[in-house]
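Undergrad: Model the full structure from these sequences, guided by the hints.
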Amino acid sequence: MPQKVILDPLTRIEGHLGIEAVVDNGRVVDARCSGTLYRGFEQILIGRDPLDAVQITQRFCGVCPAAHALASAQCLDNALGLVPPHNGRVIRNLIQGANYIQSHILHFYHLAALDYARGPEFPPFIPRFEADYRLPAKVSQDIVSHYVQALHIRLKAHEMSAVFSGKMPHCASVVPGGVTVTPAVDKVTTFLWRLKELREFIDNVYIPDVLTIAAVYRDYSEIGRGCRRFLSYGAFDLDSEPDVQKRTRFFQMGRVVDGRRAPVDPGRITEDVRHAWYRERPPAHPSRETTEPDRKKAGGYSWLKAPRYEGLAYEVGPLARAMVNSADNANPALAKALDGALAQLRLRRENLCSVMGRHLARALETKVLADAMADWVLQIKLDEPVAVGHKLPEAAAGMGLWDAPRGALGHWISIRNQKIERYQAVVPTTWNASPHDGKEQPGPIEEALLGAPVEDPANPFALARIVRSFDPCIACAVHLVTPRGRLLASARIV
Amino acid sequence: MRWASAATALTPFHEAFLPRLGAALADAVKEYPIIWMQHSACSGCSVSVINTIHPSIKNVILDQILPGHQLFLNYHSTLMAAAGHLSTDAAMETARKHKGKYVFIVEGAIPTRDGGIDGTLGEEDGKPVTMLEWMRRLAPGAMAILAVGTCAAYGGISAAAPNPTESKGVRDVLRMLSINVPVINIPGCPCHPDWFIGTVARVLLYGIPPAKDLDEHGRLKIYFAKTVHNRCIFRDYLDDGVFASKFGEVGCMMELGCKGPFTHADCPIRQWNSGVNWCINASAPCIGCTEPGFPDAHSPLYQRR
Ligand code: SF4
Ligand code: SF4
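First to last, the protein sequences are chains A and B. Note that the first sequence covers residues 19 to 512 in my numbering. Note that the second sequence covers residues 6 to 310 in my numbering.
None of these hints come from the bench; they were simulated from the model. There could be a bad hint or two in this list.
Which residues of chain B face chain A? A partial, calculated answer using Cβ under 10 Å [claimed, not checked]: (1) Gly-49; (2) Ser-51; (3) Gly-124; (4) Ser-163; (5) Ala-165; (6) Thr-170; (7) Pro-195; (8) Leu-261; (9) Ile-274; (10) Gln-276; (11) Asn-278; (12) Ala-302; (13) Ser-304.
The following label-pair restraints were derived from C-beta to C-beta distances [as the list claims (entries may be wrong)]: (14) A:Leu-210 / B:Asp-220: 39 to 47 Å; (15) B:Tyr-211 / A:Val-234: 47 to 55 Å; (16) B:Pro-305 / A:Val-234: 52 to 60 Å; (17) A:Ala-280 / B:Asp-220: 57 to 65 Å; (18) B:Asp-241 / A:Val-234: 40 to 48 Å; (19) B:Arg-207 / A:Leu-210: 34 to 42 Å; (20) B:Gly-73 / A:Pro-475: 40 to 48 Å; (21) A:Thr-207 / B:Asn-235: 49 to 57 Å; (22) A:Leu-396 / B:Ile-238: 22 to 30 Å; (23) A:Gln-263 / B:Met-181: 45 to 53 Å.
For glycine and all other residues, C-beta sits at the position ideal for the given N, C-alpha and C.
TA: What follows is the structure, encoded as structure tokens:
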């Protein structure tokens with residue numbers, strides 16, 4: 019007898035997400051993922067001063083505000099024809115880089131680790147699902163003590179962002195044309211010392227812990243494979259080329275399909291609303307997208323739209339960046355780190371498409387990035403400008419493509435009468451946690467859940483492990499609403 | 006306790022929890038059950054509060070927030086181990102068992118359109134439970150409600166025009182539901198960790214603050230009585246007539262729309278992120294994030310009003 023399993027709310031993720039799975043013979047045969055909060059940001063942005071978008075859109079998400087600040091600022095740079103000066107580019111990278119480190123450490127220790135290491139016996143560690151905790155007691159205890167240590171160390175990463183952004187969360191200093199902060203040697207020093215401490219933590223604690231868990235939970239390098247198509251816009255600009263598709267980025271832009279690297283043409287992105295609670299219409303490009311809620315739509319089960327590239331679902335995030343940047347050795351440091359970890363764990367490259375692969379990719383990019391930032395911060399030039407001035411045009415359109423810690427993030431603006439006429443954001447979690455589309459293709463997380471082992475439907479810990487490996491951030495997925503009606507497709511049970 | 010560098014000292018488990026285990030034995034420790042619920046929010050206030058340095062976040066969530074005073078975080082959706090019913094049951098159980106004694110912390114505004122259907126948290130018998138319903142269930146039995154961040158206090162960004170979800174701050178929602186429980190607002194977008202810790206300490210050590218200690222917007226005066234402009238580090242530029250006319254220039258940011266003169270907060274003396282920086286010190290105009298009118302009354306953010 020197929021059984022329906024509901025996990026709602028799924029905690030230890032950012033924001034509100036519910037999971038419904040149909041389990042038959044111990045395996046998931048159908049899965050639905052629904053966002054449960056609708057905030058209406060696109061409507062809020064209409065009619066505002068375009069410059070305000072950088073501040074407003076950061077409030078999509080307090081966990082990755084820097085990414086929204088940068089995507090939005092680049093969207094406006096593009097619309098207004100601005101090229102930030104050297105310092106503006108370098109400082110933006112540092113603000114974002116520190117936020118990657120913060121976000122990844124927080125995700126592993128505070129959101130994911132308790133799925134593998136048994137916490138102590140008091141709240142917030144209890145109550146909990148009794149998963150198949152397999153780590154020896156001593157190792158579990160170490161990881162829980164690193165949970166505590168990580169609380170402190172992630173704060174240092176936030177301080178690093180704030181050194182240049184003014185404050186975190188919600189950067190004050192990122193503006194169209196660059197940044198506002200005056201570079202000074204005390205800021206460089208403050209940043210460098212904290213970075214040194216973080217690099218020690220990443221090398222000696224974070225990466226070893228991920229490797230330990232990956233070794234013990236070896237079956238999870240087969241579980242949660244997902245759609246195995248990957249998309250990344252890339253991040254961290256290394257030159258000032260105005261055309262984003264020609265720009266050199268530390269993490270490069272690209273797709274990987276069937277193991278091969280392919281370019282990204284942003285014109286081929288569409289959003290499908292067949293199962294989302296928006297007025298029914300054919301899939302449209304985000305720049306022509308409208309957001310008209312239809313709270314009673316038949317067949318709707320999520321307030322996330324379904325972004326697709328050439329009509330197909332794509333996974334985004336650290337694993338996607340790992341795939342794109344290790345194909346053709348696009349980022350040699352990351353490619354090398356991945357090969358080393360796979361060799362140590364005696365795993366094959368295919369194993370990266372899994373729960374453990376996502377944790378590994380996240381940890382290794384944290385290291386590679388932190389190493390690079392030690393050079394970047396020394397590229398700051400004292401007494402040189404941080405921003406170029408702007409003039410607001412009557413009408414313009416722009417696009418900002420940038421990888422947030424959780425993956426591909428796109429902002430699109432159109433300006434009319436010097437006001438925002440339309441603003442759309444397609445955020446990483448909208449890609450990953452998207453619902454089925456008009457062709458009934460599942461979203462990447464839904465697909466990763468298919469086939470997952472669930473021995474006891476009352477205790478579906480494997481599902482939580484799979485979903486959390488994507489690091490979903492529902493606060494970010496601005497299009498969500500309530501799953502009302504809960505159409506659970508009993509029809510699809512075989 | 007300060008953490009030594011990761012490479013040299015991996016603090017063993019028992020040591021990490023020693024203060025707490027010790028505390029459990031001493032009967033002098035007062036315990037406070039906490040329910041922390043995130044409604045229409047960006048999680049930024051939770052992320053900001055865990056940046057507290059004195060006390061450390063370890064003190065706050067794992068041992069004592071103040072010597073002899075311990076919080077029990079029975080519900081916090083981002084931090085707790087449980088999920089699904091297990092988690093929401095913990096919230097209900099706390100409200101039942103500790104009626105009149107728990108502190109209810111609300112982060113985010115509450116959507117009220119169509120009975121609050123735009124924001125739900127968990128489900129019962131296949132039906133989603135709205136955030137508005139959680140307010141109805143959890144607010145009446147609380148000893149006090151702390152509205153953390155500008156969204157919870159006044160609606161903030163979540164209620165910005167045209168406010169498609171008809172979101173409201175805690176006080177307005179309680180008024181709507183005719184629930185009468187003391188509310189203390191701790192605004193900020195996000196809320197500063199010190200403002201949060203200080204307000205909690207005020208309640209634990211001295212009880213609910215009397216009206217005279219709060220301003221007209223329900224904020225503790227010790228943090229919010231003066232404007233940013235009152236104590237701004239750029240006042241000398243203002244006095245000397247040095248004004249920034251574009252981003253990245255150094256000078257008083259009046260011409261760039263700085264909202265310091267209309268904004269009540271102690272950022273200039275407190276600063277952010279362990280004191281490494283704050284908006285104006287990064288030459289970024291204050292956008293008035295602690296005010297009831299944020300963001301609409303301050304828009305356009307970078308134009309003089
Ligand atoms: S920068 Fe803003 S707060 Fe500071 S003196 Fe000028 S107007 Fe006042
Ligand atoms: S300076 Fe202004 S905008 Fe910045 S945190 Fe303080 S009140 Fe908010």
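Undergrad: Can you tell me whether the CB distance of Asp-241 (chain B) to Val-234 (chain A) sits inside 40 to 48 Å?
TA: violated, 60 Å
Undergrad: Quick one, is the Leu-261 (chain B) hint okay against chain A at 10 Å, beta carbons?
TA: holds, 9 Å
Undergrad: Is the shortest C-beta separation between Pro-195 (chain B) and chain A less than 10 Å?
TA: holds, 5 Å
Undergrad: Gly-49 (chain B) was flagged as interface toward chain A. Is the shortest Cβ-Cβ separation under 10 Å?
TA: holds, 2 Å
Undergrad: If I claimed the Cβ atoms of Leu-396 (chain A) and Ile-238 (chain B) lie 22 to 30 Å apart, would that claim hold in this structure?
TA: Given range 22 to 30 Å: holds, Cβ gap about 27 Å.
Undergrad: Can you tell me whether the CB distance of Gln-263 (chain A) to Met-181 (chain B) sits inside 45 to 53 Å?
TA: holds, 50 Å
Undergrad: Identify whether the interface hint at Ser-163 (chain B) stands, where standing means a beta carbon of chain A within less than 10 Å of its own.
TA: The hint holds - Ser-163 (chain B) has a Cβ within 10 Å of chain A, the shortest such distance being about 6 Å.
Undergrad: Does the Cβ distance between Ala-280 (chain A) and Asp-220 (chain B) fall inside 57 to 65 Å?
TA: holds, 58 Å
Undergrad: Holds or violated: Ala-302 (chain B) as interface residue toward chain A, Cβ cutoff 10 Å?
TA: Check failed: Cβ of Ala-302 (chain B) comes no nearer than 13 Å to chain A, outside 10 Å.
Undergrad: Is it true that Tyr-211 (chain B) and Val-234 (chain A) lie within 47 to 55 Å of each other by Cβ?
TA: holds, 49 Å
Undergrad: Quick check on Thr-170 (chain B) please, does its C-beta sit within 10 Å of some C-beta on chain A?
TA: Holds, about 6 Å.
Undergrad: Given Ala-165 (chain B) as an interface hint, is its Cβ closer than 10 Å to any Cβ of chain A?
TA: holds, 5 Å
Violated hints for the displayed structure, listed by number in ascending order: 9, 12, 18 and 21.
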